[in-house]
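Colleague: Listed below are the residues making up each chain.
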Amino acid sequence: MTALLELEGVHAGYGPTSVLHGVSLTVPEGGAVSLLGANGAGKTTTLRAITGGVHWSGDIRFGGRSLRRMHTEDIVSRGIAHVPEGRGICTELTVDENLRLGAHMRRDGAELRKDYDRVFAYFPVLKERRHLSASTLSGGEQQMLALARALLMKPRLMLLDEPSLGLAPMVVRAIFEIIRTINRESKVAVLLVEQSARIALDLSSHAYVLEVGRVAVEGDSDELKGNESVRRSYLGY
Amino acid sequence: MSSVLRQRIRNAPPRYALVAIVVLLLAGLPTVISSFLTSEWAQALILAIAIMGLNILVGYSGQLSLGHGAFMALGAYISAILAHKYKMDYLVTIPIAGVLTGGIGFLFGIPALRLSALYLALATFALAVVTPSLIKRPKEWTGGPQGLLLVQPDPPQPAKDAFAAITGTAMTTDQWIYYITLFCALLLFWLAWNLLRFRPGRAMRAIRDGEVAAAASGINVAGYKTLAFGISAFYAGIAGSLFGLATGFISPDTFPVSLSIQLLVGVVVGGLASIPGPLLGAIFAYFLPIESNQWVPSQSWIPSQIASTVEKAGPAVSYGVILIVIMIFARNGIVGLVESGYRMLQRRLRGAGDRETGQMPSGPQTV
Amino acid sequence: MQEFLQLVVSGLAAGGIFASLALALVLIYNAMGLVNFAQGEMAMFATFIAYALISRGMSFWIAFPVTLVLAFGGGIAIQRIVIRPVERAPVLTLVIITLGLATLVNGVAGFLFGYVPRPFESPFSSDTVGVLGVFISYRDLGVIGVSGVVLLLVYLLLQHTTVGLTMRAAAHHPEASRLLGVHVSWMLALGWGLAAAVGAVSGIMVAPVLLLEPNMMQAIIIYAFAAAVLGGIESPLGAVVGGLIVGVTVNLAGVYVPFVGGDLQLAVGLAIIVAVLIIRPNGLFGRASVRRV
Chain A
1 MTALLELEGV
11 HAGYGPTSVL
21 HGVSLTVPEG
31 GAVSLLGANG
41 AGKTTTLRAI
51 TGGVHWSGDI
61 RFGGRSLRRM
71 HTEDIVSRGI
81 AHVPEGRGIC
91 TELTVDENLR
101 LGAHMRRDGA
111 ELRKDYDRVF
121 AYFPVLKERR
131 HLSASTLSGG
141 EQQMLALARA
151 LLMKPRLMLL
161 DEPSLGLAPM
171 VVRAIFEIIR
181 TINRESKVAV
191 LLVEQSARIA
201 LDLSSHAYVL
211 EVGRVAVEGD
221 SDELKGNESV
231 RRSYLGY
Chain B
1 MSSVLRQRIR
11 NAPPRYALVA
21 IVVLLLAGLP
31 TVISSFLTSE
41 WAQALILAIA
51 IMGLNILVGY
61 SGQLSLGHGA
71 FMALGAYISA
81 ILAHKYKMDY
91 LVTIPIAGVL
101 TGGIGFLFGI
111 PALRLSALYL
121 ALATFALAVV
131 TPSLIKRPKE
141 WTGGPQGLLL
151 VQPDPPQPAK
161 DAFAAITGTA
171 MTTDQWIYYI
181 TLFCALLLFW
191 LAWNLLRFRP
201 GRAMRAIRDG
211 EVAAAASGIN
221 VAGYKTLAFG
231 ISAFYAGIAG
241 SLFGLATGFI
251 SPDTFPVSLS
261 IQLLVGVVVG
271 GLASIPGPLL
281 GAIFAYFLPI
291 ESNQWVPSQS
301 WIPSQIASTV
311 EKAGPAVSYG
321 VILIVIMIFA
331 RNGIVGLVES
341 GYRMLQRRLR
351 GAGDRETGQM
361 PSGPQTV
Chain C
1 MQEFLQLVVS
11 GLAAGGIFAS
21 LALALVLIYN
31 AMGLVNFAQG
41 EMAMFATFIA
51 YALISRGMSF
61 WIAFPVTLVL
71 AFGGGIAIQR
81 IVIRPVERAP
91 VLTLVIITLG
101 LATLVNGVAG
111 FLFGYVPRPF
121 ESPFSSDTVG
131 VLGVFISYRD
141 LGVIGVSGVV
151 LLLVYLLLQH
161 TTVGLTMRAA
171 AHHPEASRLL
181 GVHVSWMLAL
191 GWGLAAAVGA
201 VSGIMVAPVL
211 LLEPNMMQAI
221 IIYAFAAAVL
231 GGIESPLGAV
241 VGGLIVGVTV
251 NLAGVYVPFV
261 GGDLQLAVGL
271 AIIVAVLIIR
281 PNGLFGRASV
291 RRV
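Protein chains in written order, with our numbering: chain A, 1 to 237; chain B, 1 to 367; chain C, 1 to 293.
Read the hints as simulated data drawn from the structure, not as lab findings. Among these hints, one or two may not hold up.
In silico SDA-like links for lysine to any residue, alpha-carbon gap of 25 angstroms or less [as the list claims (entries may be wrong)]:
#1 B:139 <-> C:265
#2 B:312 <-> C:52
#3 B:312 <-> C:111
#4 B:312 <-> C:160
#5 A:127 <-> A:184
#6 B:139 <-> C:259
#7 A:187 <-> A:212
#8 B:312 <-> C:259
#9 A:127 <-> A:165
#10 A:154 <-> C:160
#11 A:187 <-> A:100
Distance windows between CB atoms, simulated [said to hold, decoys possible]:
#12 B:146 <-> C:211: 39 to 49 angstroms
#13 C:275 <-> B:215: 19 to 29 angstroms
#14 A:8 <-> C:149: 54 to 64 angstroms
Glycine included, C-beta positions come from ideal geometry on N, C-alpha and C.
Extracted from the complex, chain A is given alone in its bound form (with noise of 0.2 angstroms):
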């Protein structure tokens, strides 16, 4: 597998505080990657330093390509959809709008109206509620909504910060669910961060846990869970 995304040493920070200090890790084409770590480990300024959110140095590749320089807008229209943490919802507009922003940077008709059949497949919920005002979500399908609005980027890698924030069990498992399925049906990579190890390690097949800014240890999802001590000692379950 060729690897899609690489950080290689990035060091960021917000103003004179550095989050970062020397990140380095790999998302294969279509794998499923996981960034895990306790809070403040610096696991959203790692995502946030991909889409150029953040100052940074050392190097980031995409497709090959280095990202450095690059501003937010054009670093998202080469196939990175980010959920940020919080989904990012434009609650001023309606479902169907925010839908049709994140397809606003497609020309490619046919496909797109593929795509939407799929994301009201995998969300039905969305469809029913096409026309009301965001605002009126729940939190579980706020964050179905800013899933299905990052698919129809037609993304080739996913940033998910925290989709489980704030949602019950069940509908954490739905979403996990789909997540699962965009990931394989789709071939779309996934870089995945999240505060509840278990999950994340269920998803994803690789996984870098952060400390402070570097990365502590990385392995195979199955071997991480399987690890006793890297278990108690950084994934606290």
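Following the hints, position chains B and C against chain A.
Modeller: Quick look at chains B and C alone, frame taken from chain A:
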């Protein structure tokens, strides 16, 4: 006793010497310039008073008023009406105008508390635009569009004598008015300095930098904000009153919107939240249009048919450019520039260069 | 009664003019949380451009759209050159900059075109037509019609096109929009362009009534402020409704309230602004804003 004084003077920070020099220069100015120029400098000082007031409001309490010309108008008309209708001595009306305008400004500050900075700017701007037509209405008091003519006072005998003794020339009315103005300006700048370096100034700055945090640390946010409005209006009222004295005539057209803009230019050019700033800003904002009016006709390359247009448009264009450029490149005005230049010089002398920050590329900042 | 109705109709015509300028204000407010104090002066400048085109022999109905296109470009240029460097500055800074812009544009107009008021030919005849016993001038009808069409076009653009959608998204959720590939800064520029064009409509419509000179919009901008505030400063619909209400109110007050008369109509605008801000700061259609700490 005098050695103690000498000791004190020797130990005073260098800026005190600077202040003393400026005061002496301003006091000596009328003896070396023409009577006409003296009158112009008096008006510049008046503008400085109003700008100091606006600076207290904008620079310290963070409330933007674009309608301070209206408070000047109020002060001017209070004095003029008291002097005109009730035959009061004009000098007595000056503090009355200040206090009344300040009181009204204080009351004005109460509803202003409820407005966001943006809405306050909007409402005060509207006030500035409407002011001339509001003045015209009560004709029997304000003289309507014709305005009011004021009698300028002759210098009193003691002042005449003192002036003659020092300079050997007779004091003119313009010079007398200049000294009244200078006295008021010095008094009010001294007051502002005292007000702002102690508790009220700190409280207001804290409010400007974050109301919630200020309130959390026990500062009476509403109280200080309305107080700032009141003080600021007091300054504008005095300035307006003095303005009537200096020009001898006021009318609705004395207080157009552009006066409020001129005040804002003065605050911005001098530097927000600075004490010497308003003086520099006032000199700049006052003399720019006057100088341009004198400069333009003297330039032979400007065709005479359009010279009057250029004279009229010049100040507006330059005010506009100045507001924009300063706000983009030097938000702390002249004083800020001088200070940062001074600091840079100090750093250079110490040999510590600015540490180069590492390569930090990539798109828009989000923090 | 007849007089009353006539005043209402001419008030609506004035209201259409105020509404256009108010809508321009709302567009920029929505894009960056800022009241553009230069909006009126930009409209005045565009009107001078229309005047220059017409006086060189162009017909009104060609000069009108050409001016709007030029105003659109001018608005974008202003945003790129003046506003963009300070996009993230505090609102106080931005307000002072737009005020500087207003002064600058006013001065430049004075420099280029002079301060002598010029008559601006209305494209509509001053004849009247009787409708149900009320005589309405074609001029008023024309102004109402043109403003109506422009406002409708803006509505369609914002609500039913992809560009409009991305503009709205960029205005309300810049961060999220950027992650969806929206060029937020350009959307702000488009907002400025659109606002400049819509504002230009108000200038061109009001010039035949007022005579064209650099200070022409000084009163109109106050009425537009009143309209925008009354409607709720973030609501395009509110700007339109607010504009019409202000237009009719001011017109009626000038005739029926003896104290107001002709010379204090502007004070009615100020009174509306102050009253709304104190009693109902969110206006008629504005959402209650949440103050974030």
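Colleague: Hints first: check each against the structure and report whether it holds.
Modeller: The hints, checked one at a time:
1. Taken as a hint, the residue 139 of chain B and residue 265 of chain C pair is honoured in the structure, with Cα atoms around 17 angstroms apart against an allowance of 25 angstroms.
2. About 21 angstroms separates the Cα atoms of residue 312 of chain B and residue 52 of chain C, which keeps this hinted pair within 25 angstroms; it holds.
3. Distance check on the hinted pair: residue 312 of chain B and residue 111 of chain C sit about 8 angstroms apart at the alpha-carbon level, within 25 angstroms; holds.
4. Proximity of residue 312 of chain B to residue 160 of chain C is assessed by CA-CA distance (about 46 angstroms); at most 25 angstroms being required, the pair is judged violated.
5. For the given pair, residue 127 of chain A sits about 23 angstroms from residue 184 of chain A by alpha-carbon distance, which is consistent with the 25 angstroms threshold.
6. For the proposed pair residue 139 of chain B and residue 259 of chain C, the alpha carbon gap of about 13 angstroms is at most 25 angstroms, so the pair holds.
7. Note on residue 187 of chain A and residue 212 of chain A: the hinted pairing is violated, with a Cα-Cα distance of about 32 angstroms set against a maximum of 25 angstroms.
8. Straight-line distance between C-alpha atoms of residue 312 of chain B and residue 259 of chain C comes to about 35 angstroms, which puts the hinted pair past the 25 angstroms bound.
9. At roughly 23 angstroms between alpha-carbon atoms, residue 127 of chain A and residue 165 of chain A fall within 25 angstroms of each other, so this suggested pair holds.
10. Among the hinted pairs, residue 154 of chain A with residue 160 of chain C is consistent with the structure: their alpha-carbon atoms are about 23 angstroms apart, no more than 25 angstroms.
11. Restraint check for residue 187 of chain A and residue 100 of chain A: satisfied, since their Cα atoms lie roughly 22 angstroms apart, inside the 25 angstroms limit.
12. Between residue 146 of chain B and residue 211 of chain C the CB atoms are about 24 angstroms apart, so this pair departs from the stated range of 39 to 49 angstroms.
13. At roughly 28 angstroms, the beta-carbon separation of residue 275 of chain C and residue 215 of chain B lies within the given 19 to 29 angstroms, and the hint holds.
14. Hint check: residue 8 of chain A to residue 149 of chain C, Cβ distance near 57 angstroms, so the stated range 54 to 64 angstroms holds.
The structure shown violates the earlier hints numbered 4, 7, 8 and 12.
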